[in-house]
Amino acid sequence: MSDKLTRSIVRSLQDHKLDRRTFLKLGGISGAGFVLASALPNTTNAADNPSLVGSVDLNAYVSVGEDGKIVILSGTPEMGQGIKTSLPMIVAEEMGANWDDVTVVQTSIVDTDKYGKQGTGGSYTVNANFNLMRQMGATARDMFLSAGALSMELPKQELKAENSVVFHPSSGQSRTFRELVAIAYKQPVPAIEDLVFKGRQEYRIIGTAKSQVDSLEIVTGLGDFGIDTRVPGMLYGAYVKSPSVGGKLISANIEEIRREPGIIDAYLIKGNGEPRELMDGVGIVGTSTWAVFKAKEKVRARWDETLASRDSWTGFKKYAESIDSSTGDREVVSRGEVDQVFSDDSNSVIDSFYEFPYVSHMCLEPMNCTAHFKPGTNGSKDHLEVWLPTQNGPRFQTVAEKLYGLSKAQLTINIKRMGGSFGRRTSFEYACEAIELSKRSGKPVNLTWSREDSIKHDYFRVGGFQKLRAAINADNQVVGWEEHAICVEQKGKLAIGSGFRDGAFPLSNFPTARGTMTLTEMNTLVGPWRAPWSNTHAFVTQCFIHEIAVATGRDHAELLLEMLGEPRWLEEGNIRTMNTGRSADVIRLATEKAGWGREMPAGRGLGLSFYFCHAAHIAEVAEVSVDENKKLTVHKVTVAVDVGPIVNMSGALNQVQGSVIDGLSTMVGQKITMENGIIEQTNFHQYPVLRIAAAPDVEVHFIQSDNEPTGLGEPGLPPLAPAVANAIFAATGERVRKMPLVEEGFSV
Amino acid sequence: MSIIKLRVNQENFELEVTDDMPLLWALRDVIGLTGTKYGCGIGQCGACTVHVNGNPVRSCLMTAADAEGQEITTIEGLAAGGELDILQQVWIDKDVAQCGYCQAGQIMSAAALLASNKKPSDEDIDSAMSGNYCRCGTYIRVREAIHSASQFYDASREATS
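Note that the protein sequences, when read in sequence, are chains A and B. The first sequence runs contiguously to residue 748 in our numbering. The second sequence runs contiguously to residue 1161 in our numbering.
The following block holds chain A by itself, in its conformation from the complex:
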């Protein structure tokens, strides 16, 4: 990226739609290693070439055209996390490609045998694919080096590849990839164990800032979002479900709905009772999204609510507040003599109670899927094509098999760019609803949820409550730590995102610590939401550590460093565990950069927090002022992050800035409540997203340690709420123990 204004031509978009038949395929993975296949018109059919037997059907991540243009496939879905740019950057790096020669194309099929993992989530997509991408690139480079050696009659080991050129440093001779491509594809495929990867000091692409590969499509309105799918003969669809989850459809005014303007047909649909697959509903197809949205409002359905949710947020809150004990009945972590330190009269005890609400995903693109079910005829099998915004295409294959008996061969899955997901697009009910409408209407159907549907039928971030206490000795040191989370149980299990896990700081490392839970049943749907459980656990624990610092008159940063203990991995060799040395480094860097400890004017304060999740060590310092009307201004958030080497500096910055703003947005004004099973918020007027004026400056410092690279889609969010809450205390002396802030009288 540069600030130099280089105007592109919109028509060049057409040039990006490459005719893949003119490309050589290079690279691919199989048990046997890498192969390449030729699709050049003038070359031998790859299947006929003895050295290439079977290669045509093998997956290819890299193709190079006769014109030297390079196509790198993106096998994982893009949802704004930047993976469609960062993974191909790794391939291009190892290949020695010039990034300007690269076009990235989403894989047109879901096939994990060919492409490896094709899901994304947990901020692990970079880490999970890093070596595979390096192998893809290094294989292609090796074949170009072989081609260069032949072409220039020079020893291969003396050649290098950079900027799409193979060159001989000592003589200055060189050949471009374009000149070599016809030879390169005939070269032997190196064995994986023979591949040599670049050292970090040799990187020319990894670590630089690249604009997203789809930027041009996004800014011209030609983006590839699922909701924009248009297929010949397509109808638009909508689906009405029980207002409280679990209701069974008895009847509905189908005939009346069919007479509404623009409506083609309406159906009563029986589900399988699995909310992530297909629930009972009234399906409607029509000539426009507007027509089916309007008709949906006219639906009068009778629901058998015997088994439907009766959840009540106020009931949950009353129950949680009635619990006295500091210890719950389900133990997650217990280390050291916890009871002893808390009953020791020479120690003092500090305790606290925190509350956090259910929140919604609020992907700006509502849930949608386009499906075309084609029944088999004359012995041919049924076929289903879907245009599906999803984080996990392979999992959809399982669902299609289970519900419709469709094998992988009977499925065409077009993975669409997601207009946000944050964990939401990991279930398939919107896909199943579209399939049902296509089966009944015989047409392709683009089913789109309204904003109201997307809230009402969300899989929320679960709300909850947490008690904490700490034992403090005469030297003002923390000698005991205890957490008790009041959690949600569903079908006998801890609900997704509820409570905490044993790897959570400080339960994970503190020598005398106990973490327990008390579970209560709630049926409201919940699911993964950006940094599941960490996004609430960071708030309660990192605020509480600040409470301890205040109560003991100690510096917050110093107390945090003391609680981390000696520099060490909690589990040697496992990068998904915390390293207390990396933790200390980010705390020191964030506080230094933010000017921690400086004098602040009245009404203004700094707040610190640290958290470890998703293999990321992050510390954040928020600078906040609060006026006499409790209007909050977050001036700046200073972030220090260690996720190892950064792949795309622009994307990494975007993820951290976005996580901070999303975290603030959530903590300020967002809360989902339910009574008698019904979600009480319907649209953005009752569930506001932070607007631009309230967005703080976000200064990000990366410690690019030599550890494996890991992802940034989630870990920037959890530390934000405690940093801001601690800064509010520093500015005002008011302790925030509940989210959202608007319910505590604050505004932005």
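In case anyone wonders, no lab produced these hints; they're calculated from the structure. Hints may contain errors.
Only some residues are given here: those of chain B computed to face chain A with a beta carbon under 8 Å [claimed, not checked]: (1) Arg1007; (2) Phe1013; (3) Asp1029; (4) Val1030; (5) Ile1042; (6) Ala1047; (7) Ala1065; (8) Glu1076; (9) Gln1088; (10) Ala1097; (11) Gln1103; (12) Ile1107; (13) Ser1130; (14) Gly1137; (15) Val1142; (16) Tyr1153.
Which chain A residues stay away from chain B? Per the calculated CB distances, all over 12 Å, these [to be verified]: (17) Phe130; (18) Ala149; (19) Gly199; (20) Pro243; (21) Glu355; (22) Ser508; (23) Glu566; (24) Gly733.
Beta carbons are placed, not taken as given, at the ideal position from N, Cα and C, and that holds for glycine.
Based on the hints, put chain B in the right spot on chain A.
For chain B alone, kept in the frame of chain A given last:
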């Protein structure tokens, strides 16, 4: 249902719509211009922002019938003559987008701002862009991109004066 005539991106369209159909859905589902996005349908999020006679309008709140006889510009029409608008180019260079879904609306609001205010302050930007949500939190780069575009507009104005 009535037949209406719309002028969108300097092209004329004749379409049959219900009287209550918002311009948003006429653009997306009838004309087939899907760059304008649906986000909330109640004018809160700004994803559906288009220009009507140069003014930024939430196309989910205006009926297609009411847009008859007016000059409508969507994100697809911003690149006049096939050349990107400076804002679009800056948006690419600054890598503003994350998921990208709100960005058409952001750019249309920004274009309307710069059309009337070539040198907006941070406050001007906050005010003009206050109707556009970004769930991914790209606001910092939205601000930077508008400032950057305003400099280029400035430069091109000086070059032609």
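Consistency of the hints with the structure:
The interface hint given for Arg1007(B) is violated, since its Cβ lies 18 Å from the closest Cβ of chain A, which is over the 8 Å cut-off. For Phe1013(B), the shortest C-beta to C-beta distance to chain A is roughly 15 Å, which exceeds 8 Å, and the interface hint is violated. Among the interface hints, the one on Asp1029(B) holds; its C-beta lies about 4 Å from the nearest C-beta in chain A, closer than the 8 Å criterion. A hinted interface residue such as Val1030(B) counts as satisfied when its beta carbon comes closer than 8 Å to some beta carbon of chain A; here the least separation is about 7 Å, so the hint holds.
At a threshold of 8 Å, the smallest CB-CB gap from Ile1042(B) to chain A is about 5 Å, leaving the interface hint in force. For Ala1047(B), the shortest C-beta to C-beta distance to chain A is roughly 6 Å, which falls under 8 Å, so the interface hint holds. A least Cβ separation of about 13 Å between Ala1065(B) and chain A goes past the 8 Å threshold, and the interface hint is therefore violated. The closest approach between the C-beta of Glu1076(B) and any C-beta of chain A is roughly 5 Å, which is under the 8 Å cut-off, so the hint is satisfied.
For Gln1088(B), the shortest C-beta to C-beta distance to chain A is roughly 4 Å, which falls under 8 Å, so the interface hint holds. Nearest Cβ of chain A to the Cβ of Ala1097(B): about 5 Å, under the 8 Å cut. The hint holds. Proximity of Gln1103(B) to chain A holds as hinted, the smallest CB-CB distance being about 5 Å (cut-off 8 Å). Here the hint on Ile1107(B) is kept, as its CB sits about 6 Å from the closest CB of chain A, short of 8 Å.
For Ser1130(B), the shortest C-beta to C-beta distance to chain A is roughly 5 Å, which falls under 8 Å, so the interface hint holds. A least Cβ separation of about 3 Å between Gly1137(B) and chain A falls short of the 8 Å threshold, and the interface hint therefore holds. Nearest Cβ of chain A to the Cβ of Val1142(B): about 6 Å, under the 8 Å cut. The hint holds. Restraint check, Tyr1153(B) versus chain A: the minimum CB separation of about 11 Å is more than 8 Å; hint violated.
In this structure Phe130(A) is separated from chain B by more than 12 Å, as the shortest Cβ-Cβ distance comes to about 21 Å. The claim that Ala149(A) lies off the interface holds: its Cβ sits roughly 38 Å from the closest Cβ of chain B, which is beyond the 12 Å cut-off. A cut-off of 12 Å between C-beta atoms confirms that Gly199(A) is not in contact with chain B; the least separation is 27 Å. Non-interface status of Pro243(A) relative to chain B is upheld: no Cβ of that chain comes within 12 Å, the nearest being about 19 Å off.
Taking the minimum C-beta to C-beta distance to chain B, about 24 Å, the non-interface status of Glu355(A) holds against the 12 Å cut. With a least CB separation of 28 Å from chain B, Ser508(A) remains clear of the 12 Å interface cut-off, as annotated. With a closest Cβ-Cβ approach of about 36 Å to chain B, Glu566(A) is found to remain outside the 12 Å limit, as its non-interface label requires. At roughly 29 Å from the closest C-beta of chain B, the C-beta of Gly733(A) stays outside 12 Å, upholding its exclusion from the interface.
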